[in-house]
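Asks: One letter stands for each residue in the lines below.
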Amino acid sequence: MTGAPLLQAEGLTMRFGGVTAVDAVDLSLGEVELRCLIGPNGAGKSTFFKMLTGQLQPSAGRILFRGRDITGARTHEIARLGVGIKTQVPNVFNGLSVAENVFVAAARTNSAATARRKAAQALERVGMGALAGRIVGQLAHGQRQWVEIAAVLAQDPDLILLDEPAAGMTHEEVVRTSELIREINQVHALIVVEHDMQFIRMIARTVTVFNQGRILIEDDVDRVLSSQAVRDVYLGKQAA
Amino acid sequence: MTPDRAASAPADAGPGSAAPWWVPLGLGDRALGVSGFLAMIAAGLLLMFGLPMVVELFGLVQATVFLVMAILALSQGFIWGYGGIMSFGQSAFFGLGGYTYAVAVLNLGDSSVPALLAILVPAGFAALLGYFMFYGRISDAYVGVITLTVTVILFNVMNSTAGDIYHIGAAQLGGFNGMPSVPPLNWPGDPSNALDPEALWYVTAGLLIVVYALLRAILASRFGRVVVAIRENETRATLLGYDPRLYKLIVFAIGGAIAGLAGCLFTNWGGFISPTVFGLAQSAQIIIFVLLGGLGTLLGPILGAVAIQYLISIIGSQQTLNANLLLGVILVGFVLLVPQGVVPAVRSLLRVGR
Ligand SMILES: Nc1ncnc2c1ncn2[C@@H]1O[C@H](COP(=O)(O)OP(=O)(O)OP(=O)(O)O)[C@@H](O)[C@H]1O
Ligand SMILES: [Mg+2]
Chain U
1 MTGAPLLQAE GLTMRFGGVT AVDAVDLSLG EVELRCLIGP NGAGKSTFFK
51 MLTGQLQPSA GRILFRGRDI TGARTHEIAR LGVGIKTQVP NVFNGLSVAE
101 NVFVAAARTN SAATARRKAA QALERVGMGA LAGRIVGQLA HGQRQWVEIA
151 AVLAQDPDLI LLDEPAAGMT HEEVVRTSEL IREINQVHAL IVVEHDMQFI
201 RMIARTVTVF NQGRILIEDD VDRVLSSQAV RDVYLGKQAA
Chain D
241 MTPDRAASAP ADAGPGSAAP WWVPLGLGDR ALGVSGFLAM IAAGLLLMFG
291 LPMVVELFGL VQATVFLVMA ILALSQGFIW GYGGIMSFGQ SAFFGLGGYT
341 YAVAVLNLGD SSVPALLAIL VPAGFAALLG YFMFYGRISD AYVGVITLTV
391 TVILFNVMNS TAGDIYHIGA AQLGGFNGMP SVPPLNWPGD PSNALDPEAL
441 WYVTAGLLIV VYALLRAILA SRFGRVVVAI RENETRATLL GYDPRLYKLI
491 VFAIGGAIAG LAGCLFTNWG GFISPTVFGL AQSAQIIIFV LLGGLGTLLG
541 PILGAVAIQY LISIIGSQQT LNANLLLGVI LVGFVLLVPQ GVVPAVRSLL
591 RVGR
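These protein sequences, in sequence, are chains U and D. Numbering-wise, the first sequence is residues 1 to 240 according to our numbering. Numbering-wise, the second sequence is residues 241 to 594 according to our numbering.
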């Protein structure tokens, strides 16, 4: 890792009325790094992603992307800098075909012909090529997630945020997703939120654990998953 | 769909084959391939040149106003069905186009610049209004309220312009009585050579075809695909780096331009314009055209407008039934029985059939 980190969060905080969903989080991610972000329900993972993508304005703190302050920037501006996200609740164009969904993702920075080619490539990569003509709203939940991932790939961002990509997938699909993520990681940095610990073991090197809006621990995957404190928060006990 | 797309993927064009994957726009217009588009244009031209051979001048004059309303309905169908913008105020741009033409032609004599202004002024006004609505983070529901309010304001403003002091140059605005004796379109540069009613039919029908083809081209372009994507899921479009505010503003301005063109033709048709063009009845009718014909199609609003106008003209010529009552019954019946509109319903029937 050289130069400024790709992403830096400094004291990032989100309050909803009396609830502090994310509480003074400091996080740094290098170029082409893969980070897993875990934590129990309500720990603030999705809220953290929403602040990174400008969907929520932080109550306090800063976000730097390649050293540039993007705190308070609009969602589409952040996307243009090179941040893509698969949201926890699938955000797709339900009334459009699979290929059209991915085409629109690629078309912002490419000519129509190039975008069509990139869309086809992205669909092949996630194994959805055969379903290109189907209407997304008629697909199963898992398939719609693949469409969303393909769209993010076609957008070609430097940083990819995946919020629970393996949710609702069969074991084979989970394995395929983990392979895909490692492949994506050859060129893109990723932050992956997931509850499935088997999946985390397949892909992770460094893991950050959120609990009640704060970073509980950030370490090598083996140490994190064998940590008593992490087990405690997942079992609903308070960390010491 | 434009012909250039056919060249890039000839294999999956044509209405008989499964819809090519890159034909966007879901729902109604998916079924329309290149040949479908060409067939539509051909049908339009056939009507344009055929109708004058089979109907008397009186019928042709009536048909002209039907097509004027079809152009107006296209503006609503485009911004609502594809842009997802619920405007109750297309009659504002319609009226503005009509008044702009009247005022300008009374001052300038030659109709070329006035006709252009009748498109540009409503487009500019729509862009301004759109800027405040879309960049002002106004929620979608309020877009309906604001556009309706603007229409009501214009109605009241134009209504209160009775008397000699209300004039723009040589043009008296005339208050509730409106502006009579508006000169018709003329051959460019020759005000003495005015279009007769038959020529106005050709101009109106030709412009309807042009507007339809232009909207098809827009929808087939990258811009059009993004517009439809934003309608489908604004959050996703934003997360991909598109700014929905800009797209909506442009769509709304295009809708304003088309409504303004319809207003210009409407003033030409009657040689007259009055504040009733801004009336609530007019606004409601445009929405009914689109709902009946089918939201998310272009053919639907055209057919909806012509059918309703035709019905009104029939009902209007007899006394036993109240026209508004019957229209209301028809609308309720359709919304309950064919909620997606006629054109999408027919298309899905055709698809099931093959
Ligand atoms: N818009 C909101 N308004 C109020 N509270 C919110 C809002 N969004 C999230 N919260 C609260 O913030 C906390 C963090 O929520 P968040 O969705 O970020 O958790 P998470 O870690 O993604 O959980 P999960 O694993 O269940 O997806 C929760 O207590 C949640 O109820
Ligand atoms: Mg979450």
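Read the hints as simulated data drawn from the structure, not as lab findings. One or more of the hints may lead you astray.
As the list claims (entries may be wrong) - Cβ-to-Cβ under 7 angstroms is the rule here; a few derived chain D residues that face chain U:
| # | residue |
| --- | --- |
| 1 | Arg465 |
| 2 | Ala469 |
| 3 | Arg485 |
Claimed, not checked - Chain U residues, not near chain D, derived (Cβ > 10 angstroms throughout):
| # | residue |
| --- | --- |
| 4 | Gly17 |
| 5 | Ala79 |
| 6 | Glu100 |
| 7 | Asn101 |
| 8 | Glu173 |
| 9 | Glu218 |
Remember, predicted model here, so these are calculated numbers, not experimental data. Beta carbons are placed, not taken as given, at the ideal position from N, Cα and C, and that holds for glycine.
Asks: Is the interface hint satisfied for Ala469(D)? The criterion is a beta-carbon contact with chain U at less than 7 angstroms.
Replies: Ala469(D) check passes; min Cβ-Cβ to chain U is 5 angstroms, inside 7 angstroms.
Asks: Classify the label on Asn101(U) as holds or violated, using whether its beta-carbon is more than 10 angstroms from each beta-carbon of chain D.
Replies: Given a closest Cβ separation of 8 angstroms, the condition is violated.
Asks: Checking the smallest CB distance to chain D, is Glu218(U) really beyond 10 angstroms?
Replies: Non-interface label on Glu218(U) holds, nearest chain D Cβ at 26 angstroms vs cutoff 10 angstroms.
Asks: Identify whether the interface hint at Arg485(D) stands, where standing means a beta carbon of chain U within less than 7 angstroms of its own.
Replies: 9 angstroms, violated
Asks: May I ask you to check that Glu100(U) keeps its beta-carbon over 10 angstroms from the closest beta-carbon of chain D?
Replies: Label violated. Min Cβ-Cβ 5 angstroms, cutoff 10 angstroms.
Asks: Determine whether the non-interface label on Ala79(U) survives the test: each CB of chain D must be over 10 angstroms from its CB.
Replies: About 4 angstroms separates Ala79(U) from the closest Cβ of chain D, which leaves it inside 10 angstroms; violated.
Asks: Checking the smallest CB distance to chain D, is Gly17(U) really beyond 10 angstroms?
Replies: Non-interface label on Gly17(U) holds, nearest chain D Cβ at 21 angstroms vs cutoff 10 angstroms.
Asks: Does the nearest C-beta of chain U fall within a distance shorter than 7 angstroms of the C-beta of Arg465(D)?
Replies: Given a least distance of 6 angstroms, the restraint on Arg465(D) holds.
Asks: So Glu173(U) supposedly isn't at the interface. Is its beta-carbon more than 10 angstroms from every beta-carbon in chain D?
Replies: Holds: least Cβ distance 22 angstroms, greater than 10 angstroms.
The structure shown violates the earlier hints numbered 3, 5, 6, 7.
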